[in-house]
Amino acid sequence: MGIFDRVFDRKDDKPAEATPNFSDVSSGGSSTAPAAPQPTDTIGSGKTYVVVDGDSLSKIAKREYGDANKWRTIYEANKDLIKDPDLIYPGQELKVPGA
Amino acid sequence: MHTRLYGTSILALAVAAVLSAACTKSSENPGATGTTGTSAGVRVSQVDLGRSLTADKTINDRTDSFKPTDTIYASILTEGAAPTATLKARWTYQDGQAVKESTQTIAPTGDARTEFHISKPDGWPTGKYKLEVFLNDSSAATKDFEVER
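Here the protein sequences come in this chain order: G and Z. Just so it is clear: in the first sequence, position 1 is 1 by my numbering, and no numbers are missing. Position in the second sequence (from 1) plus 1000 gives the number in my numbering.
I should point out that these hints are in silico values taken from the structure, not numbers from a laboratory. Possibly wrong hints are sitting among the right ones.
Dumping the calculated DMTMM-like pairs for lysine to aspartate or glutamate here, alpha-carbon to alpha-carbon at most 25 Å [stated by the list, open to error]:
no.	chain 1	residue 1	chain 2	residue 2
1	Z	1088	G	76
2	G	47	G	24
3	Z	1067	Z	1132
4	G	59	Z	1137
5	G	62	G	24
6	G	62	Z	1079
7	Z	1088	G	24
8	Z	1067	G	84
9	Z	1128	G	76
10	G	95	G	84
11	Z	1067	Z	1137
12	Z	1128	Z	1079
13	Z	1130	G	24
14	Z	1128	Z	1111
15	G	62	G	76
16	G	62	Z	1148
17	Z	1143	G	24
18	G	62	Z	1111
So here's chain G without its partners, still in its complex pose:
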């Protein structure tokens, strides 16, 4: 029995399995730790921050949320004021959602 026979046999014996469908899988979760503030749930609440010299959105995010990567949350909440996220000015009053 050569290698070609074995390949041929395998083809005949075992048709390719269909890929399982996991679209109906449901999931959930919970924690003993408090949930962190969710920016999307708290727009409209939070506080106002007045920009000072040397500030950047990431610096404010680091100070207010403890995470510089959340600068976009502040940017999204102040799109009417901020045209360029790299340019904010001293004296600007920014909404800080959920802070």
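We have chain G already, so just place chain Z on it with the hints.
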């Protein structure tokens, strides 16, 4: 002359001690933050799988072998505190086919247990599965399990 040499030796020893302490500190830092992503101080220390949970979110009956009709629970123990930490559970089947992915953002103030669970109304296909846990988008732990008839 002896006094001067003695003084110089003391000074050299003091400088060596300060340099040694500085080197030790700088080599410790990368390891301390390497597995904790942006939430410094939080780490995943344990992941358990099972079919049910207790009230404090620990697994009642630890196993890595499930039946097709089971709800599969994962209990993740984190240590440390942070204003925000994101835990993600990615469940995959056999060679990596996506089953489900879910995320929870927590603000742990110390040791905490976070649970994820999945269920499938028409039953799990038999085979090998994997759970991968991410902390702040960095892989923190993996757990293999199997569904058998």
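Next on the checklist: Which constraints among the numbered hints does this structure fail? Numbers only, ascending.
Outcome noted: 2, 5, 8, 9, 11, 12, 14, 16
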